[in-house]
Structure formats: structure tokens, C-alpha cells
Amino acid sequence: MASVSTPARRAAAGSRRTGFRRAAATDRPRSGGAGWLFATPFLAFFTLFLIVPIGIGLWMSFTDASLTGHGDNTLVGLDNYTEAFGDSQVWQTLGNTVWFTVLTTVPLVLVALVMALLVYTGMPGQWLWRLAFFASHLLPVAVVYQIWSMLFQPDRGMLNGLLKIFGIDGIAWLTDEKYAMWSIALVTLWWTVGFNFLLYLAALQAIPDHLYEAAALDGAGAWRRLWSVTLPQLRRTTGLIAVLQVMASLKVFDQIYLLTKGGPNGATRPILEYIYDTGFTNYRLGYASAVSYVFFGLIIILSIAQLKIFSRRED
Amino acid sequence: MDTSFKTEVDASASGADWIPKAGFTLHAYRTIFGQGNLPVWAVNSVVIAVCVTAITVAISAMAAYAFSRTLFRGRRVLFAVTVASIMVPPQILIVPLFRQMLAMNLVDTYAAVILPQVVAPAMVFILKKFFDGIPRELEEAARIDGAGSFRVFWSVVLPLSRPILAAVAIFVFINTWNNFLWPFISTSDPQLMTLPVGLSTVKDSTGLRNAQESAASILGSIPLLIVFMLFQRQIVKSVATTGLGGQ
Numbered sequence: 001m002a003s004v005s006t007p008a009r010r011a012a013a014g015s016r017r018t019g020f021r022r023a024a025a026t027d028r029p030r031s032g033g034a035g036w037l038f039a040t041p042f043l044a045f046f047t048l049f050l051i052v053p054i055g056i057g058l059w060m061s062f063t064d065a066s067l068t069g070h071g072d073n074t075l076v077g078l079d080n081y082t083e084a085f086g087d088s089q090v091w092q093t094l095g096n097t098v099w100f101t102v103l104t105t106v107p108l109v110l111v112a113l114v115m116a117l118l119v120y121t122g123m124p125g126q127w128l129w130r131l132a133f134f135a136s137h138l139l140p141v142a143v144v145y146q147i148w149s150m151l152f153q154p155d156r157g158m159l160n161g162l163l164k165i166f167g168i169d170g171i172a173w174l175t176d177e178k179y180a181m182w183s184i185a186l187v188t189l190w191w192t193v194g195f196n197f198l199l200y201l202a203a204l205q206a207i208p209d210h211l212y213e214a215a216a217l218d219g220a221g222a223w224r225r226l227w228s229v230t231l232p233q234l235r236r237t238t239g240l241i242a243v244l245q246v247m248a249s250l251k252v253f254d255q256i257y258l259l260t261k262g263g264p265n266g267a268t269r270p271i272l273e274y275i276y277d278t279g280f281t282n283y284r285l286g287y288a289s290a291v292s293y294v295f296f297g298l299i300i301i302l303s304i305a306q307l308k309i310f311s312r313r314e315d
Numbered sequence: 001m002d003t004s005f006k007t008e009v010d011a012s013a014s015g016a017d018w019i020p021k022a023g024f025t026l027h028a029y030r031t032i033f034g035q036g037n038l039p040v041w042a043v044n045s046v047v048i049a050v051c052v053t054a055i056t057v058a059i060s061a062m063a064a065y066a067f068s069r070t071l072f073r074g075r076r077v078l079f080a081v082t083v084a085s086i087m088v089p090p091q092i093l094i095v096p097l098f099r100q101m102l103a104m105n106l107v108d109t110y111a112a113v114i115l116p117q118v119v120a121p122a123m124v125f126i127l128k129k130f131f132d133g134i135p136r137e138l139e140e141a142a143r144i145d146g147a148g149s150f151r152v153f154w155s156v157v158l159p160l161s162r163p164i165l166a167a168v169a170i171f172v173f174i175n176t177w178n179n180f181l182w183p184f185i186s187t188s189d190p191q192l193m194t195l196p197v198g199l200s201t202v203k204d205s206t207g208l209r210n211a212q213e214s215a216a217s218i219l220g221s222i223p224l225l226i227v228f229m230l231f232q233r234q235i236v237k238s239v240a241t242t243g244l245g246g247q
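Those protein sequences? They're chains A and B, same order as listed.
Note that the first sequence covers residues 1 to 315 in the working numbering.
Note that the second sequence covers residues 1 to 247 in the working numbering.
Incorrect hints may have been included.
[What the hints assert, rightly or not] Computed footprint of chain B on chain A; a stretch qualifies when at least three of its residues, placed anywhere within it, have a C-beta under 8 Å from a C-beta of chain B:
1) 136-149
2) 198-210
3) 249-262
4) 269-277
5) 281-289
None of these hints come from the bench; they were simulated from the model.
All values derive from a computational prediction rather than experimental measurement.
Cβ atoms here follow ideal geometry from the backbone N, Cα and C, with glycine treated the same way.
With the rest of the complex left out, here is chain B:
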């Protein structure tokens, strides 16, 4: 972190002194602010992370409910395939996915960045396991009152699952915000880049980028840190004070 406050000469010196010889400098930050398109990247990051989180939580919770509480043909096999797919090495999906995006004519669109990221089998697995633990008596009561499947899901299961839904949303949001490889590969238009990708493209005229890379990654994580520092109480509370324990 300290590196981001040094001049490029110090940052690439062989011994790594914590205190730079040329003193601390904001040069690296100035370069990034001067050359980058920070407001656009920040907005993209927010839009993409919010969209991915909303879609992921919605479709994962529905699928988890289907796997946990309903019977349909192929349910067991589909769940087993979902769990197994958690293990697919992401590195191997990148090239096929990119070719797919080319074929679908989606490269350099928000859709290309967002859609592949909403598939989160691990989150389906987590939610399914938590839904399994909800006592069925509550759902039965609602059914006796005439509620249909969707109604039960929406008014009984989801409110009881707020802690785990909050946890899943947090995981997805953080992962999407910090994701580098896929947004990097699927966008080349600077107007569509996220913060981590955009910051990585900023080059100094000298070509030496050690200090700048530090500054860039620090800048990329600051918004997230601030948001979570401000709201950590509420976030922990939303995870911690709902659920069956509080009934």
C-alpha cells in the first residue's frame, strides 16, 4: 500500500524500503486521476455489481427453493450437476465463453460482462442447504390458508432466510466488484470498463508502473471499503438479527 505513495524510481529500486528516499508523493495518484476515466469506471462498477447481485440472488434463491422443497423430474440429477459444476476451473471457461460472446455478438456490451457472472452454483448450494433447515410447519400453515407455491416462497421462506440471503448478496457483490479476468476479457471499450480493469490500463509515460499499479489497486478497493465501513453495523445486523432465532 505504501508503494503507491512512492515515486516510480523508488518503487522499482531493488531493496524495498518502507520509507522512500525521495519522500512520499502523490504522483501515482495524480497520473491516474489525470489519465483515467474514473467517474465512468466507478459508475460501471456499481451498475454491474448491482445487476449481477440482484439477478444472482433472485435466480439462485428460486432454484434453491425448487431443489429443496419441490419434486420435479430430474431434480436430483440437476442438483448433483449444479454441485459438481462448482468445481469447474474458471480458467478453462474463459476462452469458450469469449467465443460464445463473439458468436452472440455481445462483446463490448454490459450484457457480456453481467450475464456469465450470474451463474453461481455455489450460492444455489448454500441457499438450498439453508432452506432445508427451515421447519416445514410454517409453510404448511400458509398452504392451509390457501397460499400457492410462489406465495409461500415469497412470504414465508424468503423472510425467514434473510440472514443467508444477505450473506449471499454480500459474497456476490464483493466477488463481482473485485472480478478482474472476465470484465477485462469481455470489454475493450473504455466506456464499459469497471474500476479494476480501467485502472489497470492507465500507463505512465515512463512505462514504469509498479507504484501506479499499487495506487490503482488501492483506489479500486477504496469505494468498497468505505461502503462496508459505513454500513458494517447494518450489514452484520441484517445477517445477525433476523432468522428463526429472533422469532
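Bound conformation, chain A alone:
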């Protein structure tokens, strides 16, 4: 059994290795002009509508700017930052954000992978998987909120009704501190899994047929091919999806803001909601900017660590 898979694996490894060697050999002579030409349109918009606003925001974080437009030019130095580091709300909401990210990343990657494999291999019920993607991913957050606030109703909600059939007492999905974050994670899985699903589906299509044929010729069964050809070939995509998912989960705001407003008792309040509340409800734009740059700084450190890990693995 062990020898069965080796040619396929060797083929996969071989193509990857020559790819790398070629990359090194052919890239060097082509430098300068063309690259810049291709990158310029994006970089122009990127600078104008992302880098410049980030700069303005950074400047605001050193002032006592407020939404009412007053106090804009008073520089307060690092006051906002010292306040942010000593603010227990910052750390609590940051903890919630990390907890949400942990809860959502693994299921969002695994469920998407399983859905994509089911669609790709043509399992029965394809239309259902496709619908699962199209129906939920298309919905604006306001509709997601309406559907789930009804499902989560403690007395008449469908989920507690379902539990009752199995003789389990209903839970207060969104109002019990123990369950609220899990409920939000469930909603998020349902709502956003389609994005990862579609990425996996595109990646599955890019696996060359000859790898499967080689494996089949060697007598590998369907499971063996999945294990020794498909999954290793999806490694790069899985890395990509995991990175994007962590980043997306850290930015959670909309669904929590609508479903629980950060409650009960601050148990689901993410850091972006804290930033939003200080900036737009309390009008303290300067301080809100400082908190977001603290958050941004932590994430940059995290991303660098993550990229380091993944690039090492690719080598």
C-alpha cells in the first residue's frame, strides 16, 4: 500500500522542484520596466485611497480630533497611546477578538474544504452545496441579522424548538455569556464559508489531471488519491485561506454589532466595535485612531510571524 502512492507523490514533488529552479533561472534577466508598468495602476489607487488615509489617520491619533470637527489641530503627543495601553476595555475587547478568531478559523477552513471536495468530486446533492454558498454569502448583513435573530429566539426560535425535540432544554443563545460568542461563530460560519469554498474550488481545478491518472494507474483508490494527490496539492491554498481567514476574523464587527451589540456584559464586544463606539458614538476620533493603530501594530507583528512560518514551509 505504501509503495502505491510514491510515483504520484514523486511526480508532484518533482514538478514543484523544477518550478522553483526555473523561477530562479528565468526571473533574473527580466527586471525593471515591465514590472512597474503592471503594478502602477494598482499602486496609484492604493497610495491615494489607502496609504494617504492611513497617514491622515495616524496623524489624527496624535491629536484630540473629534467627530464634531473641533480640537483637530491640538497635538497631544503620545497621550492617546498611553491611555490606550492602560485601558482595560482595549485589552478585554482584544481578547474577545482573538477568541472569536480562534473559534472561527478552523471550522471555516475545514467546512469549506469538505464542501469544495463534495462539489468537485460530484457527490450527490451538489445543488445543495452550491445553494449553501450562493444563498448565504450573497446576503447583506442586515438580512443575516434578521434570519438569525429569529432562529436564536429563546422562546419561539427554531433552534430551541429543535433542541426540545431531542428533550434538551433551550439555551439563551445570544444573551448567555457562556454561549453568545459560540452563537456568533455559528452565524459567521454559515454566512462567510462560501468565500473559502470558492477559493478551494478554484484551486481544485488547477490540479493537473496527469497526477490523478498516474495515481490511478498505480492502482490508487479514490481515498488514496484524495490523501496523496489532492490534499498535498491544496497545501498552498490552505495556507492562503488560513492567513486570509485569520485577518478577516480579526476584523469582525458587523454581525456582532447587529446581533448582540457586544453584549451580554461585553462578552462578545470586538475591538473594532470599541473603536467604532469611541470614534462615532463618543466622537473621540483621535483616541479611536490611536486604539486602531495599536491594534494594527499587533496584527502586523502577527502577520510577519505568520508569513515567516508559511514561507519557511514552502521552501
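Dock chain B against chain A, hints included.
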């Protein structure tokens, strides 16, 4: 969803009954159709979503190709900055962006709604990773035949990347269609509003808007649902049947 079929009194009653006491009613929908400017908002939504999608896919694919396949000074740093920028919290960009639009005299124009939305570093990242996986042999063959960089990009790389280009276009289109905050902030002229923004401005004379808000968000998502239901086969096919696997 059910809420949108209730009267305002039922919708704001404390217990949420699925079946309203006063029976189902189309009142909320009638109010919206009566007061809103639905055809204009729908056209705006389509124009804006199509423009954003086309520009985003074009500039992101080009940049991703540059990052994946060419060498130029600063490439690594620029790519790292692009990836890091995925993490910028959008809430903090809103106010600076709005001030920028004021300074550029663009508030209440299509450009103000469209241009900031075409910056999609996450899409550049996704496309770059997929371009990295395309075997270089195919490009080399084209180069030997005398094709220049743009020719290789257009005739070799893009056709091979149709699945991921389709996926990216779908993501961008959906996000733009459902985007509320930026179009809401950058437009105040009802003639320029998108569906979600326009629908949110419709108020009932009673001031009670629970049922109407439901109706509004349902109405806003219906066109998208219909388009995707009709074309889901083609969309999945375009994602699923091209690419290297089908060669």
C-alpha cells in the same frame, strides 16, 4: 424576513410572533415602492458594482502578475505593504477618506463612491498566490515565440487563471453590491444612492420602521439572489471547468 410582511404595530410588539396578529400585509413594501426611487437606485447599484468589479479585477490582476512574475526594485517591500494593508480596520479609514473626497471636490459623484472601493489588497494577494502556481514552462514557450510581457500576461496567464478571476470578480461584485457604509457616507444626493443606501432612507410617516427596514433589506438583496440563482450553473462552471485541470 417574515417581519417585512407584518404591520408596524406587530413588528414592534415585544414578543416576536412569527404569525402576526393583524395578518400578513404588503404595507411595508407598498410604502417603499411609493416613496422610494427604486429604478434609479437599482441602476446606480448596477453601474457602481460593475465599474468597481471591472476596475478591481483589471488592476489587481496586473499588480499580482507584477508581484508574481517580474522583478523590479521594491517589489518585496511593496508586496509586504500590500499584504499588511489587508488588516487595516476599515472603520478608521472612513473619516480620512471623506475629508479627502471633500478636498478633491468629489463628494456626491460616482467617482467618490467607486474609486476608493477598487483598492482590494486581499484580491491582489489571492491572485498572486494563484499566479505563483502556474507552471512557467507555458510562459517560456510563448516568450520563445517572441511574445512580450503584456502578450504573455494576456494570452497565457489570464486564460489559465479564469477560475480564480471569476471567483475574485464574484467576491468583489457581492461586496460592492452589499456595501453600505461608504456609499452612505459619500453620497447625499438621492439620484446617486445605491439600493441599500436608498432603501435605508425611506421613512414611514409613523416613524416606526422595523417592518420597513426588513422589507428594505430584503428588497436590496433580491436582485442579487435572482441573478445568482439564474446563473449559478454558469458561474460555478466558469469557476469549475477551466484551469489547468481541463487542459
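Results of checking the hints against the structure:
Here's how the region 136-149 of chain A fares: 9 of its residues keep a CB closer than 8 Å to some CB of chain B, so the rule of at least three is met and the hint holds. Counting residues of the region 198-210 of chain A whose C-beta sits closer than 8 Å to any C-beta of chain B gives 11, which meets the bar of three, so the coverage hint holds. Counting residues of the region 249-262 of chain A whose beta carbon lies closer than 8 Å to any beta carbon of chain B gives 3, which reaches the threshold of three, so the coverage claim holds. Taking a C-beta to C-beta cut-off of 8 Å, the region 269-277 of chain A contributes 3 residues in contact with chain B, enough for the three needed, and the coverage statement holds.
Counting residues of the region 281-289 of chain A whose beta carbon lies closer than 8 Å to any beta carbon of chain B gives 3, which meets the minimum of three for the stated coverage.
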